[in-house]
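**Q** Model the full assembly from the supplied sequences, consistent with the hints where possible.
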Amino acid sequence: MTTLEANPVTQTTNEVLLEADGLKKHFPVTKGLLVSKVTGWIKAVDGVSFQVRAGETLGIVGESGCGKSTTAKMLLMLEEPTEGTIRYQGQEIRDANSEQRRAYRSSVQAVFQDPWSSLNPRMRVRDLIAEPMVINLNLSRREMQDRVAKLLNDVGLSSYHANLYPHEFSGGQRQRLAIARALSVEPRVIVLDEPVSALDVSIRAQIMNLLMDLQNEYNVSYLLIAHHLATVRYMCDWVAVMYLGQIVEYGPTKELFDNASHPYTRALMNAALPSHPDIEQEEMILTGEVPSPLNPPEGCRFHPRCPFVMERCSRDIPEVTELAPGHIVSCHLY
Amino acid sequence: MAADATLVVQQPAVPARIARKLWQFRRWPLIPMFFLVLFVFTGIFAPLIAPHDPERGGLRDRNLPPAWEEGGSSEFLLGTDHLGRDMLSRVIFGARISLAVAGVTLGVGMVIGVASGLIAGWYGGWLDEFLMRIVDIKLAIPTILLALVLVLALGQSFLIIVAILAIAVWPRFARNVRGEVLQLKTMDFVALAKVAGASTPRILFIHIFPGVINTLIVLATLEVGIVILLESTLSFLGAGVPPPTPAWGSMVSDGRDRLAVAWWISTMPGLAIMLVVLSMNLFGDWLRDRLDPRLRQLN
Chain A
1 MTTLEANPVT
11 QTTNEVLLEA
21 DGLKKHFPVT
31 KGLLVSKVTG
41 WIKAVDGVSF
51 QVRAGETLGI
61 VGESGCGKST
71 TAKMLLMLEE
81 PTEGTIRYQG
91 QEIRDANSEQ
101 RRAYRSSVQA
111 VFQDPWSSLN
121 PRMRVRDLIA
131 EPMVINLNLS
141 RREMQDRVAK
151 LLNDVGLSSY
161 HANLYPHEFS
171 GGQRQRLAIA
181 RALSVEPRVI
191 VLDEPVSALD
201 VSIRAQIMNL
211 LMDLQNEYNV
221 SYLLIAHHLA
231 TVRYMCDWVA
241 VMYLGQIVEY
251 GPTKELFDNA
261 SHPYTRALMN
271 AALPSHPDIE
281 QEEMILTGEV
291 PSPLNPPEGC
301 RFHPRCPFVM
311 ERCSRDIPEV
321 TELAPGHIVS
331 CHLY
Chain B
1001 MAADATLVVQ
1011 QPAVPARIAR
1021 KLWQFRRWPL
1031 IPMFFLVLFV
1041 FTGIFAPLIA
1051 PHDPERGGLR
1061 DRNLPPAWEE
1071 GGSSEFLLGT
1081 DHLGRDMLSR
1091 VIFGARISLA
1101 VAGVTLGVGM
1111 VIGVASGLIA
1121 GWYGGWLDEF
1131 LMRIVDIKLA
1141 IPTILLALVL
1151 VLALGQSFLI
1161 IVAILAIAVW
1171 PRFARNVRGE
1181 VLQLKTMDFV
1191 ALAKVAGAST
1201 PRILFIHIFP
1211 GVINTLIVLA
1221 TLEVGIVILL
1231 ESTLSFLGAG
1241 VPPPTPAWGS
1251 MVSDGRDRLA
1261 VAWWISTMPG
1271 LAIMLVVLSM
1281 NLFGDWLRDR
1291 LDPRLRQLN
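Chains as they are written, first to last, in the numbering used here: chain A, 1 to 334; chain B, 1001 to 1299.
These aren't lab readings, by the way, just hints derived from the structure by calculation.
DMTMM-like mimics (lysine to aspartate or glutamate), calculated; alpha carbons at most 25 Å apart, straight line:
1) Lys254(A) to Asp237(A)
2) Lys31(A) to Asp1128(B)
3) Lys1194(B) to Glu92(A)
4) Lys254(A) to Glu217(A)
5) Lys24(A) to Glu289(A)
6) Lys254(A) to Glu280(A)
7) Lys254(A) to Glu19(A)
8) Lys150(A) to Asp213(A)
9) Lys1194(B) to Asp127(A)
10) Lys1194(B) to Glu19(A)
11) Lys31(A) to Glu80(A)
12) Lys254(A) to Asp278(A)
13) Lys1185(B) to Asp1128(B)
14) Lys1185(B) to Glu80(A)
15) Lys1194(B) to Glu83(A)
16) Lys37(A) to Asp1128(B)
17) Lys1185(B) to Asp1136(B)
18) Lys1194(B) to Glu80(A)
19) Lys1194(B) to Glu99(A)
20) Lys1194(B) to Glu79(A)
21) Lys254(A) to Asp213(A)
22) Lys24(A) to Glu83(A)
23) Lys1185(B) to Glu79(A)
24) Lys1194(B) to Asp21(A)
25) Lys24(A) to Glu92(A)
26) Lys1185(B) to Asp114(A)
27) Lys1194(B) to Asp95(A)
28) Lys37(A) to Glu83(A)
29) Lys1194(B) to Asp114(A)
30) Lys37(A) to Glu1129(B)
31) Lys24(A) to Glu319(A)
32) Lys31(A) to Glu1129(B)
33) Lys24(A) to Glu298(A)
34) Lys1185(B) to Glu168(A)
35) Lys24(A) to Asp316(A)
36) Lys31(A) to Asp1136(B)
37) Lys1194(B) to Glu186(A)
38) Lys1194(B) to Glu143(A)
39) Lys24(A) to Glu79(A)
40) Lys1185(B) to Asp127(A)
**A** Written as structure tokens, this is what we have:
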């Protein structure tokens, strides 16, 4: 198994809130009209383990199609994992009774990428923000209104916005509304699936800063899904790099960015523009395309594109190696 | 007072203001709307408006031409039919039948269609397959033929006619609603409602259904015309609401043999059918454009 199981991180003392262990999601590929036959499996996520700690941010980076969003969907109970477990405060959610599931629902909320699709265009802002409270909490109208007003203020809008419809807001404002909605039930974890990618560059920093301020105020943990390295570096305490449904490198943000070890992580960082045009950086351009998750390569999944490929890479699945406390990588180079 | 006077903004003259107000409605289908309002109004208040009993006539007055024709009488504005019944009253009461049939049929057809469309679109799988195949089967059978067979088998009554027409109407609602649901259910706000813990009924009624209403309104207006036409066709063929109830279709049929001597018996109800259906279609077209946000900016 290449999965990064038994993560030996003991660096921080913060309680582990949400934990994924060997998560897999395989989608069947079917053929046939009446009697459908499974002809193959798309291994969107293939053995992923990580931990989200109280008050911290874990970032998952990777290019599109690597399984980041599917992982998020499993944590949000929108997809059933094929294998593996999700634990919230030590309780496995697959075995949870309906009461515990309810509690999980209101403890884990989400903000999605597209603020145009994530707000129902036919609901007023008041009802949009209050919906999670209406479903999960037993509050009076008055309390509900007060909380909506407070949330709107907290995300940098005003209480009079409560009467408007989503189409009356800009993209950045809409994302603020989505954040207010996610915060309304005071969750412990918020899954942020590319929260700033759809926004104008000039708005991104505002939203990122808002998210970080709210993290302190509400003591909430984030699971940040992103493909933009600067975003991850700015916001995260921990980073996991995913490639073809697996985590190839995982560690504390500073350590991982300073000592990027997996060839894929290094290639990703080289592909990003440096913060200053005079900064020299090594040239490392990957050849080829991401292989199909329908039929991933044998051995190390990265070997067909790896510049440091060795003979054993196509044969053996790499072991997990701990390079520094908490910094682990799965590559034959180490 | 003098100081106040300078603040008074010159108001346009009253006729100019009215003209400006009216100008806003220049793109509205005013003529079709007038006929539709007239249709609904006469349908509801038929007994109060009709000058005569539509089901009773005197043979002495039979085949009287309309008032403006030679030999016509101001007592019977649109003339009388072959049994001496007042055409105007019969057309007015015919509106009532058409209105009732169209209203009840659409109500029933819409409920069935929306429910099955929501279920098929939301749950997908074999349920979707099953419901959509029923829709396909229904759309493959000629409605008139089905209606004639059912009337022959079950007998002729208002309820049976409504049931038959509802069967004819629901598949189109089901199809369209299903299509909308398929599109809406992939929206992020539906996923977020699930994340918030919303139940399936809550998602369907609060998040999905409101997104379908526009389509429903437009479809309903277009469908009304079809229903009225179908009902008239059935009445014409003698399979509609049983006589002596004055239905437009059967009135056209009554006058068919007498076109040479008394053209008005067929023409008057025929004109009524045409006006209502045409108005409904024009109104529906306009409504579709108006409710479509992509076209709304054009006005």
